[in-house]
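Given the coordinates of chain H, work out where chains C and Y should sit on it, guided by the hints.
Residue numbers (this note's numbering), protein chains in the order written: chain H, 171 to 303; chain C, 11 to 160; chain Y, 706 to 959.
Rather than coming from a laboratory, the hints here were simulated on the basis of the structure. The model shown is predicted, which means the values in this text are computed figures rather than measured ones. Don't be surprised by glycine CBs; every beta carbon is placed ideally from N, CA and C. One or more of the hints may lead you astray.
Claimed, not checked - In silico EDC-like pairs for lysine to aspartate or glutamate, Cα to Cα no more than 20 Å straight-line:
| no. | chain 1 | residue 1 | chain 2 | residue 2 |
| --- | --- | --- | --- | --- |
| 1 | Y | Lys921 | Y | Glu835 |
| 2 | H | Lys235 | C | Asp77 |
| 3 | Y | Lys921 | Y | Asp957 |
| 4 | Y | Lys824 | Y | Asp755 |
| 5 | Y | Lys945 | Y | Asp867 |
| 6 | Y | Lys945 | H | Glu191 |
| 7 | Y | Lys768 | Y | Glu740 |
| 8 | H | Lys297 | C | Asp77 |
| 9 | C | Lys122 | Y | Asp887 |
| 10 | H | Lys297 | H | Asp216 |
| 11 | Y | Lys945 | Y | Glu860 |
| 12 | Y | Lys824 | Y | Asp806 |
| 13 | Y | Lys945 | Y | Glu861 |
| 14 | Y | Lys870 | Y | Asp908 |
| 15 | H | Lys235 | H | Asp216 |
| 16 | Y | Lys824 | Y | Asp772 |
| 17 | H | Lys235 | H | Glu225 |
| 18 | Y | Lys768 | Y | Asp755 |
| 19 | Y | Lys921 | C | Asp80 |
| 20 | Y | Lys824 | Y | Glu740 |
| 21 | H | Lys235 | C | Asp80 |
| 22 | Y | Lys824 | Y | Asp744 |
| 23 | Y | Lys921 | H | Asp264 |
| 24 | Y | Lys802 | Y | Glu762 |
| 25 | H | Lys274 | H | Asp264 |
| 26 | Y | Lys802 | Y | Asp755 |
| 27 | Y | Lys802 | Y | Glu753 |
| 28 | C | Lys122 | Y | Glu920 |
| 29 | Y | Lys945 | H | Asp264 |
| 30 | Y | Lys921 | C | Asp118 |
Unchecked claim - Computed footprint of chain H on chain Y; a stretch qualifies when at least three of its residues, placed anywhere within it, have a C-beta under 8 Å from a C-beta of chain H:
| no. | region |
| --- | --- |
| 31 | 794-806 |
| 32 | 811-820 |
| 33 | 922-931 |
| 34 | 934-946 |
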Amino acid sequence: MASRLRKKQKDDFGTAYRGHEGQWSWMFHRITGVAVILFLFAHVVDTAVIGWGPEAYDRVTEAYKNPAVHVLELGLVLAVLYHSINGMKVTLIDFFPSLAGHIKVVGRTSAIVFVVSAAIVTGIMTKQIIDLL
Amino acid sequence: MATTIERSTTSGDGAPRPPRDYTRGSERPVGGFELWMWLFMRISGIVLLVLALGHTLIMHLPSGGVDRVDFGFVATRWASPFWRSWDWMLLTLALIHGINGLRNITLDYVRKPGTRFAANMVFYVLGFTLFVLGTIIVVTFDPSNWPPVA
Amino acid sequence: MATPADVLQDSDARRAGGAAGAVTLTLRIRRFNPEISQDSWWDEFTVEADPLDRLVEVLHQVKWYHDGTLSFRRSCAHGICGSDAMLINGRNALACKVLVDDVGPRVTIEPIRGLAVLKDLIVDMDPFLEGYRTVLPFLINDSGEPDKERLQSAEERARFDDTTKCILCAACTTSCPIFWGDEGYIGPAAIVNAHRFIFDSRDEGSRERLKILSEKTGVFRCRTTFNCTDACPRGIQVTKAIQEVKRSILFDRF
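Just chain H, with the same shape it has in the complex:
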């Protein structure tokens, strides 16, 4: 029987499943999580350089003082922000299951909190980049 079954094909996911808002927020939660942990791997190492003294460490921090890196840093802060806010949403639903009945309201509130805080952070950090240029 198994040999007649089709192996899963690449274009199986050609059409997007038009799922609940939770499908997309889960996807972004995963993407931001991977982004932040990969950054963390690099960050532990670049901070550990301080064990080799000020010349070594300041060389590392100098490398980060340019606008391109600052744009990436904005992306990082937004990723941490999204992952935190959506994580709180998931945690609240897990510990207060009656919220599952009001998922639309919870989802919308979480989205608004993110958009507002992201706007504030983007405003502040963009101004910093512009001041540098």
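This is chains C and Y only, laid out in the frame that chain H set:
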């Protein structure tokens, strides 16, 4: 008149039949590793809300952003045991939280058991190494090892 | 007076031709036939249908008058047997509950995701049913036979009422992104059917089921995406039921 349905509670040789066991021989308690990690992700998530988001915002938002960060900045900060503890707890919780996230992702997408095992081992070893490295630095860092040149 | 033959004639005419109130519907159907090719392809059919026709009737029209090789499962055709779960315009639904009116002039129909396709819209339900069997979906009570029926209050009955409604259509499980990645995950339907017995006061097998549900393939794989609750044609609060099982495990341990 009530009719009772006869069901044999003895096996063929007359010995009482033991109750059916559906546990498949498992003596594990309800919950286990998956429950602990599920709970850890949520509890650590709440703590990291303060530690990680706090760290990110206080580094990036004040004027100057991370351009303020250099040897002196860190030396000043780590003069206080409060910040060293904060940073160490941040390191530990974020690493475990993140590595477990990666474990979940491999569990979802890597089907071959051997490949999944290898991927998980890479994450655990990497995570543990970074934990040791970070702990050594945050505990032993002493700026007086590099006195300013007169 | 119309004879039965007249009624059938008229019905056939309505099906094959156009009729007043009919709309034109274009169906884009994902086809697969392992005897022809290992690749799947899209077919388009344009039919006349009444806006209140169910999609399963339109699929019959396609099969009977346009392409006899089109294959799909269906049985009761009115929303209770769960045979005709399909991916309709990007969402899981029962073809017998979706009206032509609901889907507009174009409808895309695909087999449900995450399970191997056998032919056209027919999928291999074995992994889904395997997950279902894993949770011991039957009453476990070895306390001995009572003199009459096992009594249960109205409140006790209401506790698990929602999860008795499952018809095993697989719409929920095949809408779950975790199941798409790993068909070893037992999935929402299995958890719902476990919930039905765990919270049944007459059942004594909760611990066994909760142990099974605590494993890697169990309830902690759920990422509260809510696709399952949306997809359920019976309106079961699936995610909420899964949350309740998670809490059961949590409070058993702590």
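Hint check:
no. : hint                : verdict
1   : Y/Lys921 - Y/Glu835 : holds, 15 Å
2   : H/Lys235 - C/Asp77  : holds, 6 Å
3   : Y/Lys921 - Y/Asp957 : holds, 18 Å
4   : Y/Lys824 - Y/Asp755 : violated, 28 Å
5   : Y/Lys945 - Y/Asp867 : holds, 10 Å
6   : Y/Lys945 - H/Glu191 : holds, 16 Å
7   : Y/Lys768 - Y/Glu740 : holds, 18 Å
8   : H/Lys297 - C/Asp77  : holds, 14 Å
9   : C/Lys122 - Y/Asp887 : holds, 11 Å
10  : H/Lys297 - H/Asp216 : violated, 26 Å
11  : Y/Lys945 - Y/Glu860 : holds, 18 Å
12  : Y/Lys824 - Y/Asp806 : violated, 27 Å
13  : Y/Lys945 - Y/Glu861 : holds, 18 Å
14  : Y/Lys870 - Y/Asp908 : holds, 18 Å
15  : H/Lys235 - H/Asp216 : holds, 14 Å
16  : Y/Lys824 - Y/Asp772 : holds, 14 Å
17  : H/Lys235 - H/Glu225 : holds, 16 Å
18  : Y/Lys768 - Y/Asp755 : holds, 17 Å
19  : Y/Lys921 - C/Asp80  : violated, 45 Å
20  : Y/Lys824 - Y/Glu740 : holds, 9 Å
21  : H/Lys235 - C/Asp80  : holds, 11 Å
22  : Y/Lys824 - Y/Asp744 : holds, 11 Å
23  : Y/Lys921 - H/Asp264 : holds, 18 Å
24  : Y/Lys802 - Y/Glu762 : holds, 10 Å
25  : H/Lys274 - H/Asp264 : holds, 15 Å
26  : Y/Lys802 - Y/Asp755 : holds, 14 Å
27  : Y/Lys802 - Y/Glu753 : holds, 19 Å
28  : C/Lys122 - Y/Glu920 : holds, 18 Å
29  : Y/Lys945 - H/Asp264 : holds, 9 Å
30  : Y/Lys921 - C/Asp118 : holds, 10 Å
31  : 794-806             : holds (count 3)
32  : 811-820             : holds (count 3)
33  : 922-931             : holds (count 4)
34  : 934-946             : holds (count 5)
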